[in-house]
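Trainee: What follows is the residue order along each chain.
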Amino acid sequence: MSLVGARVLRKEDPNLITGNGQYVDDLQPAGCTSMVFVRSTEAHAKIRSIDTAEALALPGVLAVWTSANVAQLANCPGGLPGLDQPLLAKDIVRFVGEGVAVVVATDRYIAADAAELIIVDYEPLPAVASLSAAMAPGAVVLHEVLGGNTVHFQDFENPLDEAFAAAPRTASLHIVNNRCAPSPIEPNVCLADWGRSGLTLWAAFQAPHHLRNTIAQYFGIPQDSTRVVAPDVGGGFGAKINFVPEFFLTALLSKEIGKPVKYTQTRSECLVAMLHGRAQEHDASVAFDNDGRILALKLTVTQDQGAYPNGTGMGLPVLTTAMAAGCYRIPAVAISWRNVVTNTTPVAAYRGAGRPEASFTIERLIDLIADETGVDPVEVRRRNFIPVDAFPYATHSPLAMYDSGNFAGALDELLKHVNYDELKKEQEKRRQDPAAKLLGIGFASWLEIAGFGPPGSLEAFGHLASWESAQVRIQPDGSAIIFTGASPHGQGTVTTYAQIAADELGIDFDRISVKHGDTAVVPQGIGTMGSRAVAVGGEGVKTASGRVYENAKRIAAHLLEASAEDIIIEDEKFFVKGTPARSVPWSEVAWKSFQPLELPGGMEPGALDSTVFQQVPNFSFPSGAYCCVVEIDRETGGVNIVNMYLVDDCGTVINPLLVEGQVHGGVAQGIAQALYEHMLYDPSGVPRTSTFMDYLVPAASDLPGYVTGRINTPNPSNTLGAKGVGESGSVGAPPAVVNAVVDALSHLGVKHIDMPVTPIKVWNILEGAK
Amino acid sequence: MIPAQFDYVEATSVADAIRLLAEHGDEAKLLAGGHSLIPLMKLRLVTPATLIDVTHIKELSYIKEEGNNIVIGALTRHRDIEESDLVKKHLPLVAHVAGEVGDPQVRNRGTIGGSLVHGDPAADLPAAALATGATMVIAGKNGERRISAQDFFVDFLETDVQPGEILIAIEFPKHTDAGWAYEKFVRRAMDYSIVGVALQLGAKPGVALVNMSNKPHLAVSASQAIGKGAAIADVLAVINDNTNPPEDLNATVEYRQHLARVLTQRAFATASK
Amino acid sequence: MTIRTAITVNGKDTSREVEARTLLVHYLREELGLTGTHIGCDTSNCGACTVLLDGEAAKSCTIFAAQIHDCHVTTIEGAAQADGSFSPMQEGFRQEHGLQCGYCTPGMIMASTALLTENPNPTEEEIRHALEGNLCRCTGYEMIVNAVRWAAENPNFTSGGVK
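Protein chains in written order, with our numbering: chain A, 1 to 770; chain B, 1 to 273; chain C, 1 to 163.
One or more of the hints may lead you astray.
[Unchecked claim] One-sided and incomplete, this derived list gives chain C residues near chain A with beta-carbon spacing under 8 Å:
| no. | residue |
| --- | --- |
| 1 | His72 |
| 2 | Thr75 |
| 3 | Cys104 |
| 4 | Leu116 |
| 5 | Cys136 |
| 6 | Arg149 |
Think of the hints as simulated: they come from the structure by calculation, not from any bench. Backbone N, C-alpha and C fix where the C-beta goes; we use that ideal spot for every residue, glycine too.
With the sequences and hints as input, model every part of the structure.
Mentor: And the structure:
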């Protein structure tokens with residue numbers, strides 16, 4: 001029975017459901033000390049002085065550091081030269097939450113007390129907390145070297161003035177894609193132990209090798225004695241890919257003090273110190289005809305970088321503009337973008353990382369076109385879809401060469417679940433009844449770029465490379481260990497890889513283990529991000545397993561005195577096809593693989609061990625069709641999702657249970673962005689949503705159930721045919737939800753509402769329409 | 001995340017609590033369920049020098065019928081009120097509202113006394129106490145005194161409990177078989193209300209508003225209008241009298257006033273069935 | 001100021017000298033080494049720290065260890081059955097993929113366990129309502145609901161001690 005495609009329960013679960021997971025804060029090495037930050041309460045200020053005397057005098061305090069203590073060190077890696085964040089603020093703070101000092105004490109309670117005793121004297125400066133404030137003439141400049149607050153501006157190659165002038169119709173939207181705080185339930189946490197034999201850093205991180213390479217380089221120490229371990233990680237969603245000062249500070253302090261140093265971020269800290277996501281503003285224009293066919297698209301993306309731009313944050317608008325056209329055939333597309341700094345938390349990847357922003361805008365434009373032309377929104381989509389026979393499809397962007405998809409097919413599948421005509425009739429009926437809640441139906445035919453990625457793609461974000469490593473090793477007893485450079489944090493990668501390997505090797509699922517996250521165990525790797533674990537990492541597991549299997553067959557053939565081509569496997573026994581009675585078990589093949597006297601000529605011992613640095617020739621292009629049905633309470637403006645229908649095309653499904661989980665999770669975060677979450681700053685740069693009381697991560701009774709379906713257009717870039725699905729939900733859900741809300745209110749002339757769609761926003765619209 | 005240091009003492013009885021309050025003065029706070037106090041202490045917004053733990057005073061946790069009243073001990077947990085047959089029968093509004101406080105874990109620890117003394121205008125139970133015309137029973141070194149719920153809530157997070165005193169019970173007049181309703185408009189189910197309306201019909205009707213003022217708010221004019229049998233439109237016309245709704249992330253003053261009207265109307269429709 | 005605790009945890013009496021301000025969650029994690037109970041916020045919203053206190057769900061981050069002498073605390077480490085089988089709730093989470101990163105999971109399992117004690121056959125709405133105090137960022141909740149329903153439908157689950 002093939003395990004690829006099977007609903008297999010997770011290997012990860014027994015530890016996690018019994019409280020035997022090992023997250024970084026669970027580690028309590030002997031002598032472990034606790035580090036606490038003092039973080040800026042000002043968005044933009046000079047630091048006049050920092051008084052640490054009282055803190056230093058507190059019994060149990062081992063160190064109190066400010067920037068003076070790290071003056072000899074470079075700024076935090078990952079930033080842009082001249083614009084990067086110091087480990088601790090030097091003379092100036094640029095966002096609320098920026099680290100100003102650290103305290104190390106023998107326990108976290110004393111460290112917290114000591115932090116309270118540190119007095120920072122700020123001289124506030126004017127702050128710019130929004131894109132418009134940062135770009136206004138005369139705005140205070142965050143980084144003198146820039147001269148202004150624009151880090152980079154990429155103008156249109158051709159602004160398509162003629163195409164727009166000639167078009168029968170045009171329409172525009174200004175869209176704010178709201179800043180979100182990724183908020184994994186486990187905040188940032190790291191534990192450094194720098195002793196005589198080198199540095200070991202445990203960190204809740206998505207790319208431990210990346211951290212190992214970088215921290216070794218940063219400190220000028222060799223990588224052979226530098227170890228990074230990402231044990232169990234409580235969610236990442238992209239926010240645990242960037243380097244943050246705590247990694248380097250805990251390491252250095254550990255070296256200095258001679259003890260392990262642990263930093264456990266609180267949630268309040270996390271909301272301002274863990275990188276944020278989204279925070280884009282779009283100016284989008286579309287030219288179309290009276291039948292709703294799109295003739296031209298023009299998109300300008302302004303990306304808020306926060307106070308310190310970083311490689312990932314700078315790359316987000318590149319991805320957004322590359323995917324501007326979504327799944328539509330648009331003859332002319334013009335893109336431009338601008339990266340701007342503001343006195344806010346730095347911005348980087350958050351589930352979808354640039355693609356949710358793209359799909360949101362194009363899907364809103366589609367509905368706008370429907371509204372303007374009177375053509376049904378489903379029909380507008382159909383008229384503009386890239387057809388199935390058009391692949392590979394070159395877009396306006398060299399990054400985005402779409403290779404597969406059936407957008408009309410996904411929509412057809414979706415409409416099997418949605419009683420569209422009935423819903424429209426109900427919608428109309430309710431519009432006539434002032435006592436009834438309004439009904440809205442919203443669609444999203446979305447496409448995204450994932451499976452990072454082809455050579456060069458991750459390098460552009462600062463990573464070593466874009467391959468993923470897989471080593472498959474057979475133990476002497478015929479069990480298998482897979483070592484992967486992927487670094488899962490909830491995805492079920494261990495289970496998925498064991499399924500793939502079981503199929504390739506013919507070894508029982510329960511006799512395959514997967515190791516990840518520890519650079520001392522897995523020598524090289526890139527990490528888990530950009531929906532690559534299956535599409536790239538899984539392919540590597542398949543490739544390496546296949547090579548091992550070929551060698552195993554040769555050994556079996558030798559033992560059976562047969563030809564390798566005639567060997568098959570069943571129930572972990574190798575035999576010549578047709579003669580199962582004469583077999584040799586995997587365990588024997590494995591054992592003998594180490595015994596030169598048993599091996600076929602030319603085969604070395606240890607041949608059942610293969611390492612692959614798996615590359616893929618292209619990104620993958622997951623897509624789907626979602627439909628959201630909402631009800632709006634006319635009197636309160638309250639929005640309630642009645643139904644959420646989700647059809648995904650992630651190519652080959654390795655484990656339907658896990659794929660479903662990823663879709664649900666991504667959709668939940670997408671709905672949360674659409675209706676609940678907003679990382680909001682006041683004009684002086686002070687966050688207004690700085691705890692979980694105000695930053696509204698929804699709970700179970702705030703979210704609907706999901707109806708899911710699937711189509712499959714295999715990914716041609718790997719033999720698995722899998723595209724990845726981790727970020728899909730967050731790409732497709734927000735536009736479906738907002739399209740539904742706008743649809744519910746369209747009879748009032750509403751053209752657009754920005755996220756989050758709060759009750760007061762809706763109420764203001766309803767009042768305005770009276 | 002970590003509270004400041006404090007001294008910790010346990011009170012074994014009401015008299016003991018009063019003695020300890022006198023001994024430790026202004027810098028002492030009573031600790032009951034802790035689900036209003038401890039979060040504030042963890043953020044160091046509140047740093048009492050001494051915590052007087054009253055949670056082990058068993059005799060303050062009870063629900064009794066006394067004549068025309070249901071008397072609830074101050075340390076009765078929200079969940080016990082929610083599940084009490086006596087309360088469900090005679091004070092269904094209070095039983096329901098107790099079940100609306102926070103989330104299940106909060107209701108397992110939080111106490112009615114703790115909630116009332118915290119005096120948060122955005123909390124649910126103060127509104128229920130106001131709408132039902134409850135009387136607070138406060139004990140001090142001079143004995144017991146009583147004060148109406150209306151007079152009990154003085155200002156933002158400030159009640160009439162004086163230094164050295166402890167709320168020991170709440171006397172609720174029975175509202176058996178009278179209509180009632182509680183409308184709570186929230187962003188997430190676990191959140192404090194943006195606006196809430198607690199409505200008790202019957203012989204002495206009361207309507208109280210949540211998050212519409214600097215303190216828990218009894219809508220006096222509206223309550224009186226209902227008592228006089230006014231039409232709903234007339235009640236709604238005065239529902240916002242003397243309110244001082246806050247402006248915050250979720251709402252403007254105008255929106256809150258609008259919600260107060262909408263929720264009162266809905267509460268009325270429910271209660272009148 | 002320090003106090004001496006007297007708390008039974010997972011059936012074992014524990015007694016430690018700790019600061020009065022020691023939160024129960026830190027007592028469990030750091031004094032007793034029971035790191036299965038997690039911390040996810042500092043405003044008592046996320047519920048990752050949920051344990052059973054005398055059988056009822058409670059957020060251990062909002063309780064001082066000093067307060068609960070003579071109480072019984074059950075953590076995720078004490079959730080399994082006497083013969084070593086997963087509890088029906090644990091097995092339900094496994095069967096229905098009610099966890100991904102696992103960080104909110106101990107709190108979810110304990111809160112759900114308390115629910116079933118009080119309401120052995122809850123509807124979907126009742127489950128969602130009972131879990132209002134527990135946040136998850138990974139699952140979108142539907143599979144957690146399914147896990148609880150599985151436990152409700154399989155109250156006698158046992159693996160005969162084999163996991």
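Trainee: Each hint should be assessed against the structure and marked as holding or not.
Mentor: Against the structure, the hints come out as follows:
The criterion of a C-beta within 8 Å of any C-beta in chain A is not met by histidine 72 (chain C), whose closest approach is roughly 17 Å, and the hint is violated. For threonine 75 (chain C), the shortest C-beta to C-beta distance to chain A is roughly 7 Å, which falls under 8 Å, so the interface hint holds. Taking 8 Å as the C-beta contact cut-off toward chain A, the hint placing cysteine 104 (chain C) at the interface holds, the least distance being around 5 Å. For leucine 116 (chain C), the suggested interface contact is broken, since its CB lies about 15 Å from the closest CB of chain A, more than 8 Å.
Nearest Cβ of chain A to the Cβ of cysteine 136 (chain C): about 7 Å, under the 8 Å cut. The hint holds. Proximity of arginine 149 (chain C) to chain A is violated relative to the hint, the smallest CB-CB distance being about 12 Å (cut-off 8 Å).
Of the hints listed earlier, those the structure fails to meet are numbers 1, 4, 6, in rising order.
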